[in-house]
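Peer 1: So the sequence lines, in the order shown, correspond to chains Z and E.
The letter at position 117 of the first sequence is residue 116 when you use numbering that gives the first Met the number 0, and the numbering goes up by one with no holes.
The letter at position 130 of the second sequence is residue 129 when you use numbering that gives the first Met the number 0, and the numbering goes up by one with no holes.
No lab work stands behind these hints: they were computed from the structure.
Note that the structure is predicted; figures quoted are calculated from it, not measured.
One or more hints might be untrue.
Identical copies go unnamed one by one, so any copy, or any two together, can satisfy a pair.
Under the rule of at most 20 angstroms between Cα atoms (straight-line distance), these lysine to any residue pairs were calculated in the SDA-like manner [stated by the list, open to error]: (1) Lys51 to Asn151; (2) Lys51 to Thr73; (3) Lys51 to Phe126; (4) Lys51 to Glu206; (5) Lys49 to Glu180; (6) Lys76 to Asp203; (7) Lys77 to Pro6; (8) Lys51 to Val179; (9) Lys76 to Ala27; (10) Lys76 to Leu114; (11) Lys76 to Arg187; (12) Lys49 to Glu88; (13) Lys51 to Asn8; (14) Lys51 to Ala27; (15) Lys76 to Tyr196.
Protein chains: 2
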Amino acid sequence: MAVRREPLNRERVLRAAITLADKEGLDALTMRRLGQEVGVEAMSLYNHVKNKDDILDGIVDLVLTDIDVPPAGTDWKKAMRRRSISAHEVLVAHPWAAMQIMSRYSIGLGMTRYLDATLGRLREGGFTIEGALDAWHTLDSHLYGFTLQQLNLPFAADEASRVSADVLPGLSAEEFPHVVEVIGHVMRSGRVEDFEYGLDLILDGLEAGLNGS
Amino acid sequence: MAVRREPLNRERVLRAAITLADKEGLDALTMRRLGQEVGVEAMSLYNHVKNKDDILDGIVDLVLTDIDVPPAGTDWKKAMRRRSISAHEVLVAHPWAAMQIMSRYSIGLGMTRYLDATLGRLREGGFTIEGALDAWHTLDSHLYGFTLQQLNLPFAADEASRVSADVLPGLSAEEFPHVVEVIGHVMRSGRVEDFEYGLDLILDGLEAGLNGS
DNA sequence: TCTGTACGCTTACGGTGTAAGTGCAACGGT
DNA sequence: ACCGTTGCACTTACACCGTAAGCGTACAGA
Chain Z
0 MAVRREPLNR ERVLRAAITL ADKEGLDALT MRRLGQEVGV EAMSLYNHVK
50 NKDDILDGIV DLVLTDIDVP PAGTDWKKAM RRRSISAHEV LVAHPWAAMQ
100 IMSRYSIGLG MTRYLDATLG RLREGGFTIE GALDAWHTLD SHLYGFTLQQ
150 LNLPFAADEA SRVSADVLPG LSAEEFPHVV EVIGHVMRSG RVEDFEYGLD
200 LILDGLEAGL NGS
Chain E
0 MAVRREPLNR ERVLRAAITL ADKEGLDALT MRRLGQEVGV EAMSLYNHVK
50 NKDDILDGIV DLVLTDIDVP PAGTDWKKAM RRRSISAHEV LVAHPWAAMQ
100 IMSRYSIGLG MTRYLDATLG RLREGGFTIE GALDAWHTLD SHLYGFTLQQ
150 LNLPFAADEA SRVSADVLPG LSAEEFPHVV EVIGHVMRSG RVEDFEYGLD
200 LILDGLEAGL NGS
């Protein structure tokens, strides 16, 4: 007689996990809490996912799906620029994702597709295999490194001035003149680091290498 | 009558924590295990450190001490190159460190010194405050991003071929031609990504920006 | 000699992921 | 119409985590 509820499935578990992690942080993503979120006891989740690592792998791969890599035929530089900016947006929208991608081993379907498209645009653009590897790796280093710094470092991002105010009093200007100078500047200007600065620097460098030497 | 042992102190606790994390990974660094390592019960550690976070902050800051940033008077480009390579070596020697730096909030004495020296060489080299911020941030994005990829991504580093062999069978060459191509190349050539490729690309770009526009 | 403090110890609590076992409801084959 | 299988939920229990709280003892300074 009771209303038969829609049965759970892997997809719904992963979606709920993403929502929960986005809203309350990755620490809040526990099996019991996630179960509660989808209206089920913790252990019931194991009917749909292998274990917690499977969930983490799953949500990372699902999120990668959102990254936009332009299709074959797009100019490589334009494609890489678009891809990097899109990836950066996605990683900022899911602040737990960058760290998970870097700290875990798996390559799922989403990751493979994303990678294949990336390498494809580079190869079509005239890069050798080695060149494409270097380009990909350099672009991604900047992507992940920048995003992680942006999300975690005290004096980056919006809260810069708030945190800086906390930190400044403890810093002697004689001992650390340059740190004090920079923090002062950040506080006054409200400046936020610019992802595209490093991105364009790298893209131009890659282009020069491709045409030159 | 029993031999009076050297009393523990914060320094020895942190050193032991670093050794343990280096040898068995950060997961093995639990309070009980660390206590065991220094010959003491877990709770006794709390006489020397505030809590586990204090330990993590402490070992990160201690490790940063090992990074070599050339003194004032050194050419900025040479100094940044040296600093980046040194930092990369240190982060590879302590594979848990990069992730911890990126995922935690504190800036201790070691971090501040390291940062001040970095900004100092850039400012002395002619960078504006904003320019120095951009340069620092871009160099560090590459440093951390590259290192994390190197330490964690399946097809990077030495184990590339081993892991690739595991992964390849599941990849259809029609669906993911470029991934298959690249993995094949990595397996044949045993190629390992090169930190200095991206580093020099960035340094040259920074130099061009400094002299040009 | 007395006493305060530093530093070790033990016990206990609430949290984690998950192994193992139970029970119910729907479905397919006879 | 029955009945075995299967899918999916539930409950219980375990080992391990960080750490709060409290106890005991040995040394240093008065």
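Peer 1: Which hints, by number, does the structure contradict?
Peer 2: Failing hints, ascending: 2, 3, 4, 5, 7, 8, 9, 11, 12.
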